[in-house]
Structures are given as structure tokens and as C-alpha cells.
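Start from chain P and add chain D according to the hints.
There are 2 protein chains.
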Amino acid sequence: MKKFEEKTISSKFIYKGRIITLLVDEVKLPNGKTGNREIIKHPGAVAIIAITEDNKIILVEQYRKALERSLIEIPAGKMEQGEAPEATALRELEEETGYTTNSLRYIQSFATSPGFADEVIHVYFADNLVQVEEKAALDEDEFVELMHVSLEEMGDLIANKQVYDAKTAFAYLWLKDYLK
Amino acid sequence: MKKFEEKTISSKFIYKGRIITLLVDEVKLPNGKTGNREIIKHPGAVAIIAITEDNKIILVEQYRKALERSLIEIPAGKMEQGEAPEATALRELEEETGYTTNSLRYIQSFATSPGFADEVIHVYFADNLVQVEEKAALDEDEFVELMHVSLEEMGDLIANKQVYDAKTAFAYLWLKDYLK
Chain P
1 MKKFEEKTIS SKFIYKGRII TLLVDEVKLP NGKTGNREII KHPGAVAIIA
51 ITEDNKIILV EQYRKALERS LIEIPAGKME QGEAPEATAL RELEEETGYT
101 TNSLRYIQSF ATSPGFADEV IHVYFADNLV QVEEKAALDE DEFVELMHVS
151 LEEMGDLIAN KQVYDAKTAF AYLWLKDYLK
Chain D
1 MKKFEEKTIS SKFIYKGRII TLLVDEVKLP NGKTGNREII KHPGAVAIIA
51 ITEDNKIILV EQYRKALERS LIEIPAGKME QGEAPEATAL RELEEETGYT
101 TNSLRYIQSF ATSPGFADEV IHVYFADNLV QVEEKAALDE DEFVELMHVS
151 LEEMGDLIAN KQVYDAKTAF AYLWLKDYLK
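Residue numbers (the numbering used here), protein chains in the order written: chain P, 1 to 180; chain D, 1 to 180.
Just chain P, with the same shape it has in the complex (with noise of 0.2 angstroms):
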């Protein structure tokens, strides 16, 4: 997969902050031209559908700074150093909705915005959802609101843009598929 590679002639480091990184590398194309590609780094993230025993969707509302509203999605967080997908799939179910599972079966990943980030997204499903007894904290900037839907409220969600963001969007459609 390395059609149309764009050699890296020199990397000008930019920022480097909690989250992201930011790097602006001169590169070689395939004309033989140069060219300057922005790039952000990011650890990765986990998202997890996840569906109670009568087929309720649990979705979390945050307030996302970056959109300036907030946004009802299915759970999810960053990868922390070193953690496996799956380990950080089932410590954000339990820090955001106090639930945990022996069952996680993993769906699919994706970057999110290959065209300047190298975030990549792992989505898993989890069933068979048990509440944790005492519930592991969120960090301590993160401030969410569980809800449990339907997926036909799911839909409504949808619709009303109130649900508006890449990862929901693709677990509501593989929802329809998977619950029809």
C-alpha cells in the first residue's frame, strides 16, 4: 500500500500538547515535485457499541470544545501508552457508563481523518453488559451523561443532528443491520 508514496525530504516539528502533535513534513511526490503535507499525531482511540439485554443502545452526551456544542455518541477514549485496543475498550465502557463484559467481540477499524491525522479508530461490540460495583472514575476533565435508546430513538437522534459524529454514524447503521 504504497501507491503514490510521498517520500519525507525534511519533518518541521510544530507542537506537541496532551493529546496531539503536530508536524509539517516537506515531501517528495510522485511527479517528482515538493510539496508540505500538515500532520497530526494521535494515540489512537477505542469506540464501543454497546447493547443491554432489551437492545438499548448506551450513548454518552460530552461537551466537545472543538465543535463548541455537545454531542451524544457511543462510548468511547484514547488509547493510553502502551494498552491494547481491548483493554482500553473495556476501561472506557467502565469509566463511562459503569458497565464491564466478558463478551467483547471487535468490529472494524478506521482512520478518522486520513487526510491530515493518523488517528485510527477500533471499534468493538459489547453484550451481555454487567454493572461494575464500584465504578472506575472518568479523567478528570471529562464530564458525560448516560443514555439508553432505542434504535429507533437512536435514528431520531440522528436526524436531529444531535448525533453528529463519524463513529455513531457507522455504529447506528451496523446497529440496523445487526438488530433487524
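It should be emphasised that the hints constitute simulated quantities derived from the structure, not laboratory data. Predicted model only: the values in this text are computed from it and were never measured. You can take every hint at face value.
A few chain D residues that face chain P, going by a derived Cβ cut-off under 10 angstroms, partial list only:
1) Ile14
2) Lys41
3) Glu68
4) Ala117
5) Val120
6) Glu140
7) Val163
8) Lys167
9) Phe170
10) Leu173
Beta carbons are placed, not taken as given, at the ideal position from N, Cα and C, and that holds for glycine.
Structure of chain D alone, referenced to chain P:
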């Protein structure tokens, strides 16, 4: 949609590139404490689920420097300043595939990485495709290869991770439902 709103205390400009801008905002969290949010500003993008008369899906392969690999994706591109999403959709469809259409249908919009970016992608569906006589030029740093695949072949491309981005993963599930 302001639940758990994080008011901006100050916004620090870090970098403005050709495509993205990086800011770091200091915010007041819902519990009264302060926190920092790294924010990528992006002009927004459009993607097109385009099918031929015989239900072949039009995909483009291109190198994605951030991931250091090529990806096979549905046609897409970022919006120019002041450009309506429908205009971007028709422009990108023509530039990347050589097709145009008089039947463009809006499907859905979603944020790609709400945790750190404001990028929203607007997804359209196009059929009744007509080859344009003189294809519009790609951007000068853009190199793509066109593919026409069946739904089944698209499933194989996902299984072997040649298709590996969120909008195209969404497009596959959408088409699975649409073409059934």
C-alpha cells in the same frame, strides 16, 4: 446542545497551515476548574457515494502521508472558502472521477474527530453519472487512481484493510442497505 459547556477563558494561537489551524484553549470546566483543549480548525469536507448504472461503486486510491500508506476511499475533498457543500461535491466528483450528475442527494453530515477537530464531512449520494468531456484537473499535489468495484469487492477491500477510513466504512454499510 450546550450541556457541560466549557467556556473559553483564553485561546492561544499555535499554527496556521494550508489546511489546518491549531489553537489551544484554556476553558472553564463544568466543575469550576480549568482545563486545556487542543483544537484543530478545518474548513470541512464533502464525500460522495457514487455508483454506476450497473451498481459499481466508484473509489479512489491515494497516498495518505499522515498514515504513511495509500488508502482506497470514496471520492472526497475539502470545501473551498464560501463554497456550498453541493458545489464541493460536484467539483470533487468531477476532479477525482471524471463524472458528473444531475441527481445529487444529501445523506448525512458528521464530525470526524470531535475530540480534537471541528472537521465536519457532508456525505452525498450520486447516481445517473455522466462522463464529462474535459475532466477538471486535480489539485497539483493530488494523485489518485480510480476503481469501480462491486459491493462484494468493497467488502473484501474492508476485510483486508485497503479500505480503512471512517467515511468509506460508513459508505459501505449505507450501500449494503441501499443496494439490497
